[in-house]
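Q: Since the structure of chain A is provided, determine the placement of chains B and C on it from the hints.
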Amino acid sequence: MPSNTTRPDQQHFVAPIEETPLVAIDKVQTEGKPSNLWRDAWNDVRKRPMFWISSALIVLVVIVALFPGLFTQVPPNNDCQLANSNGAPTDGHPLGFTKQGCDIYSRIIHGTSTSLSVGIIVTVLVFVLGIVFGAFAGFYGGWIDSVLSRLGDIFFSIPYILAAVVIMSVFSQYANVWVISLAIGIFAWPATARVLRAEILRVKNADFVMAATALGVSRFRILLRHVLPNSIAPVIVITTISLASAIVAEATLSFLGVGLPSSTMSWGNDISAAQTDLRTAPQVLILPSIALSITVLSFIMLGEVIRDALDPKARAQR
Amino acid sequence: MAGYIVRRLLQAIPVLLGTTFLIYFMVFAMPGDPIVALFGDKTPPPQVIEQLRERYHLDQPFIVQYFIFLGNIFRGDLGTSFSGQPVSEILAATFPVTLRLAVLAIFFEMIAGISVGLISGLRKGGIFDASALVVSLILISLPIFVVAFVAQYIFGIQLGWFRTTVGVGAPTQDLILPALVLATISFAQITRLTRASVIDTDTQDFVRTAASKGLSRTRIVPVHILRNSLIPVVTYLAVDFGVLMVGATVTEGIFNVPGVGRTLYQAIIRGEGPTVVSFVTVMVLIYLVVNLLVDLLYAVLDPRIRYAK
Amino acid sequence: MTEIVNTDVQQTSVDTGERPLLEIKDLQVGFTTQDGLVKAVDGVNITLYRGQSLAIVGESGSGKSTTAHAIINLLPGTGHISGGQILLDGQDLTKASKKEMESIRGRKIGFVPQDPMSNLNPVWSIGFQVEEAIKANGIATGRKEVKKRAIEVLKQAGLQDADRRLKQFPHQFSGGMRQRVLIGMGLAADPQLLIADEPTSALDVTVQRVILDHLESLTRELGTTLLFITHDLGLAAERAEQLVVMYKGRVVESGPSAQILQNPQHPYTQRLVAAAPSLASRRIQASGSIAAAESSMAEDASAAAGDAIDLIATAEARAEALEALASAPPAIVVENLTKVFKIRGSGDFTAVDDISFQIAKGTTTALVGESGSGKSTVAKMLLKLEDTTSGKIVVGGRDLASVTGKEMFELRSRMQPVFQDPYGSLNPLRNIGNTISEPLYTHKVGTRADRRARVYELLDQVSLPRTLVGRYPNELSGGQRQRIAIARALALKPEIVVLDEAVSALDVLVQAQILRLLADLQSELGLTYLFITHDLAVVRVIADHVCVMQRGKIVETATTDEVFDNPKEQYTRDLLAAIPGAGIQLGA
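Protein chains in written order, with my numbering: chain A, 1125 to 1442; chain B, 14 to 322; chain C, 940 to 1527.
Treat the hints as calculated values from the structure; they're not laboratory data.
By construction, the Cβ of each residue, glycine as well, lies at the ideal position given by its N, Cα and C atoms.
Heads up, a few of these hints could be off.
Unchecked claim - Listed below are the simulated DSSO-like cross-link pairs for lysine-lysine, each with C-alpha atoms no more than 27 Å apart in a straight line:
#	chain 1	residue 1	chain 2	residue 2
1	A	K1328	C	K1319
2	A	K1171	B	K137
3	C	K1047	C	K1094
What the hints assert, rightly or not - Going by beta-carbon spacing under 8 Å, a handful of chain B positions derived as facing chain A:
#	residue
4	L23
5	I26
6	P27
7	V28
8	L35
9	V40
10	L65
11	L150
12	F158
13	V259
14	V290
15	I299
16	L301
17	V302
For reference, chain A alone in the conformation it holds in the complex (with noise of 0.2 Å):
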């Protein structure tokens, strides 16, 4: 065709201007109330159903923690009759009596502060030991990321749970609370110092942060306001799987004889102590597995809800 010539639906159309109104060009559109990442986390978290059960079940474990009185009367360890023993639930003793004689409801009771006690100081060492040493590798790089990261691999090859048995083995005449949360926790921190450095590395070269540098900001500070606050986000996530992980660790430990003495209460002790009787009195070991994997799953759900409610993927298509 001679390119002078039209065809007939291919002429100039032009849409008429009541159909297709111009808007001002880049107006500024901000309704509501002004948010940003964790206040969306925020929002995104509570019309989760799976987030208002997990932190139910967390309060309630903390409060059985604090208060185990408020649950029990019966003392866990002075009522033991040899003649209970395994018995079934009587009046008074809701889930019946351990191989001692001992009242299985109680001892599950005031077994769950000892437990949240190792989860809190293992965590707590991780996040701090964890942050410190994944921010000085990330941000300053250099010899101190090689020194560090060497570190962060030499204390991650050796899995924690193994080195807690090692550790605990010497270390078993001192075995308490805070003993076994050290033993766990200390090689427990490379996994979150990686998370954090691999954030860091993404982060430093974000246009803000050289903005900042050529404004005059230190180093120091612009890791501390900048870089820092939009890195922590996966840290936290793997936090609370962490101290999920460390109430396992110690109930590992407890169950492979490293753990707790027996004199404390401990729910890795107690299933430990029932699994001769596994064929004849299997409640004696399931009760307190099912209170340490609901206290467990409790934490896991709660992690899972925030990784979510984190991710930037998912962020970018809400």
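A: Chains B and C in isolation, oriented as in the chain A frame:
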């Protein structure tokens, strides 16, 4: 690629030294008599104490002790257990069993984990995905000994499908239940990792371009989505090995599997400190080697590493 | 409902009875989000005949890419076609089954995507991915045949030693080569229609022209009908016979591209014409001077666009301001500046190689180059974000190398940057007020009340509402964020502002607004600009002097007029030729 391998090997050496040093340090550099401390509340016969003192050269400076220890390890001399048997012999006898158990476990967790993860990721938000999520979360929350006992009780005692403990010589069919137990937690992690990876890959541009070329979905899923999603899963395998080692210790103990884990378990229970140290050292060394192999596997899977410009 | 405007008497309409190859009728595409259904495409009509070329032009959010993806039914996420028809040679694609679509894709409709890096699977070799396309569309069978065909495709794409290339991986190819491979794959089955989605936006400027020429010659050879998507009106008019302008999911104007460009009727098209840098620079060159260009634009068109986005008006304003400046002393002097990076494993990389230039106070100097030219490194060295390897930088009479500590701190307040990525230049966790006042806080300027007042003052200067102080960056658009970045840069009343590709990531109309803002601020505050960019067309509008950089060296430096009227180096000529819109007739 060769450069990558060499660099990884070089990086591994200080880590190796540091790790073995750390283990040795934890046991022998602490204040107090390490020999007595190693045995906890048990008192070994005085000849054993004397033997051990001599063995570990406790009169020498700590650094010398450490290098002697290191040298011994590499010469294969891992000390003797309480029963008098050289630890290296025990290891040689028990290692094949644990290897079989581990291979079974890895097989289960990979096949099941990747399949479930793939389907969950492709049908995100559906019923399968939601159920798989709930199951995964529960499995991750259960400590391995709980899973082991529950499995032993239900499948061994109540249903009688499997023997509750493994028979002499550890025939493979007896290893199935312990392997499944061992695989449980890793299965849950692999499922979630695969799922996240699949979801991420499915939104990549090259998947859409593959479709625009006229490829069918049946080809795109395995060739483009699954293949690319495997890379993070492989990276996880290194960490997984550590989880398996700990799990094996517990599982073999409960199911009475005559493997490395059970020996370690018994040594821990009996408070045989030196044996525990030797075993843990060897396990850590194996863990380091596995890490190295996984890094190499990663280079095989990702040509960007293999042929760095 | 259609307005048929026939301004050119020589046009006749002829109905040949031929069926169009592609007919899109009242297409509706929506996305399901948390807040309900969002319409991305709302009643689009497009007609395309065999052998023709058609370009869809629009900004981001116009629905142009969505329309293209809807044709082959590869909409991302929750996108779906909610109404209308897409007829390919009479067959309604919206009703086609999955299997039918799979066989149509590749065979009848080819697709060339935008970003060549992310559109090739990094773990499979190039040969594997090309052969995949060949096998899927039944062009060849049997290993040997398929491989032979694959080599043909690569050869046609212009790749030498295709045999060796087959085994290589995407990351071993350059951007231009990758795009050629993608074009080759798209055309491998000789489809009737080829859809190209911004095929050159992710490539270097000089490579863009080569690739487009290549695409054009291939499609002409094969007789393929071409539908391509672009945001650049000049490019669209140059390469396509038919033009469709989209805005907010609707078609606002369509027809023969020459007609639309000469006589844009819809106000939105008029805005685009006024704001497109490529058209503005062509117009200036064609008319001989800025003043002549301004008067050559159709009266109502430029009035509709308004001064704020009329690039030629901006250029005029700047040219007047420049005259008013008496010959000014240099604000920045760069002498023999060199930067060498030490890369582990591959030796040294010279990013900046012995360059020298000066910027007079109150003027704008543009540093132009493609990726790898070293222009960003120069900016970083100027701002002392990178160390120099050798050479001198003198700012306001002080040699940067000798300034340290407190003096450096104070000197920093006199030169401030604005960076390219609006989504990375503001800390997402700080509100706007804090971001803008951070410079004041860091340099301890005034009391808290003083700083607050200054923040309001700055927001006024960049034409943003004061209510934004409590808001966060994620609530603002790219253009708004750049304004905040500019406000922050101006907080300490600097003399020099370094703009590193500051408008490159913005939509055309927003870009024009920001350029106008920058020009106004410059004349108001007497600022000196170092403007770094890859886009020579933008340079025509806002720069007084130009330094062209290639691979670390300055190849040409002159006033803007000289560079455009009389380029001396071949590379400069290449860059000029790469500005789209060479073949269009502009003006009455």
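Q: Checking against the hints above, which ones are violated?
A: Structure breaks hints 4, 5, 10, 15, 17.
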